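Chains Z and D are the protein sequences, given in the same order.
Sequential numbering of the first sequence, starting at 545, is according to our numbering.
Sequential numbering of the second sequence, starting at 5, is according to our numbering.
Among the clues, some could well be false.
[Said to hold, decoys possible] Far from chain Z by the CB rule (all over 10 Å, computed), these chain D residues:
hint	residue
1	T49
2	I84
3	S92
4	F185
5	P201
6	G227
[What the hints assert, rightly or not] To give an idea of the interface, some chain Z residues facing chain D are shown, with a C-beta separation under 10 Å as derived from the structure:
hint	residue
7	P616
8	I623
9	M644
10	R647
11	G650
12	R654
13	W719
Worth flagging that the hints you see were computed from the coordinates, not collected in a lab.
Treat the numbers as computed from the prediction; the structure is a model and nothing was measured.
From the three backbone atoms N, C-alpha and C, an ideal C-beta is built for every residue, glycine too.
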Amino acid sequence: MALIQVDELVKVYPGGVRAVDDISFVVEEGEIFGFLGPNGAGKTTTIRVIVTLLKPTSGRVAVDGIDVVADPEPVRRRIGYAAQFIGVDDDLTAMENLVMQGRLHGLEPREAQRRSHELLEVLQLVEVAGRRAGTFSGGMRRRLDLGQALVHGPRVLFLDEPTTGLDPQTRRALWEYLRELNSRGVTIFLTTQYLEEADALATRLAIIDQGVIAIEGTPAALKRGLGGDAITVTLPDDAGPDATEQAARVLERFSDTGEAARFDRSARVFTAEAASRLAEVVRALDGASVKVARLEVSEPTLDDVFLRHTGSRMRVEESKPPSRLRMFGRGR
Amino acid sequence: MTRTLRESGILWARQMKKLVRIPLLLFFALAQPLIFLLLFSQVFTNLDRLPGFEYDSYLQFLVPSIVALTALNSAFQSGIGMVTDIESGMLDKFLIAPIRRSSVLLGKVFADATRSAAQATVIVLVSLLMGARFATGIPGVAAMTVLAALFGIAWAGLSNIIALRTRNGELTMIVGILITFPVLFLSTAFMPSILLPEWLDTVAKFNPITYIVEALRALVNTGWDWTAIAQALGVTGGLAVVTFAGATRAFRKAIE
Ligand SMILES: Nc1ncnc2c1ncn2[C@@H]1O[C@H](COP(=O)(O)OP(=O)(O)OP(=O)(O)O)[C@@H](O)[C@H]1O
Ligand SMILES: [Mg+2]
């Protein structure tokens, strides 16, 4: 039996916003399940329904076989939840915050103390254990919040964008810690806007966009599904839309599905054995008299997966100039 | 029952820690009533010459009103704390824990009660220093703190209703401030019934503040007036039940 089971979940907010529109998925015990999507995709809404904080409009959600609406209390015993917006009591010390959460989850005072101390050590907050949380930096608050979600030793951990606002070092350390938790048997459900994070951490992931799950699978399988490596043709600065279109038409011939992505002055195709077909691509482009500034072979990324399945980009990477996009032939 | 006590006890302890951690808050909640105690007892000191004023001094008459004012002040801060907990995500933390929903509000109520009782004690001590005498002695002071605690609960409930309906801390505070003085002056808190204009005296009879103030006043000045105490318990207890029920409803709605 799956640890988390979501069936045809719909959530319409009172104002009429259809935040989650009929999604279904399962998470097995022991997974690190990534829920990847842009702002407003419905990640937080989904997670809040599963953790019993929000009533679904329709559909069925169960954790460990227990319905979250009909029987929320045993569900709450099994889960830990670190919300997107950190919830710590600024007037209490780190230790007091942790002990209180432990006590609320039914731990006896001494056990709560012991667990809290253990977590402060792991999360490197021992030195500030007696300081008011209000004096903490963003990263320290994040870690304390994570500690609060863990103090009672939950079987499933729900993390809503756990690394947003953390510096790269802290982020990596957190990834490391989550992997370790997972290796000790804690199932992790995490949402993220970071493709690298989903790629690095998730054993399986679902991509959600506008309240709908576009696709799910392991990161490797999702990338494999694109049909091979990417060949990207970049045109000179003075090239117009016609030239881009022409380049894309040429590239389409190399795709199994006859699709190529069009960007501002560049086009991309996924093809098996991309490297060895490069010469062919060059000849074909030459034959169509397309002027080329740059030609590149690269492994597919989750961004490519996202683009293919949602028709838009997850996020324009900093290194690339922003581009107006037309998609793989499919409009939205 | 033990479970509810255990859970709300944890949340009560949290509020107590917060309270002593920011003594400034406690200080400001007490500062204004203390200033009023000093000022009013001077400004109105000659009221005791009026025919019909049957107390030894205006101070003797005023102490219970200041206890009520203090309890009102801290009660109206209760809702602000609720909004803060909603905004800071702390409420979610409580809701995600396997505890009864009712424990969350109860923990708050117990904390409000404790606070009102403690502040009433401070007011009593200061007024002793100022020369007030207590007809019922230490047991009477204990009874006063219990009544003050109940009174605090009753009005904190109202503050929480406003807080949960508006989810706005400033609004909750302003409404509280706006209510405080009219309800006090429309009672017998600052003027004995016999000296009030007739219409006001009528209004005062429908004002729950009047009953608590009269009971406290008896404890300070004359002795154990069981009728006044019973009336105060009935009226204030009734108000507490009503506002707590309202707060519970607003709470349920706020968390769906
Ligand atoms: N309380 C609410 N009332 C009405 N609409 C809401 C509410 N909360 C969220 N929404 C809407 O529901 C949609 C999904 O929001 P949600 O917070 O689930 O997205 P998200 O994927 O978590 O986004 P982000 O990455 O920005 O956190 C958005 O359009 C949002 O505006
Ligand atoms: Mg979110």
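Results of checking the hints against the structure:
no.	hint	verdict
1	T49	41 Å, holds
2	I84	14 Å, holds
3	S92	6 Å, violated
4	F185	30 Å, holds
5	P201	46 Å, holds
6	G227	42 Å, holds
7	P616	9 Å, holds
8	I623	8 Å, holds
9	M644	6 Å, holds
10	R647	5 Å, holds
11	G650	7 Å, holds
12	R654	15 Å, violated
13	W719	23 Å, violated
In the structure shown, a violation is registered for the earlier hints numbered 3, 12 and 13, in ascending order.
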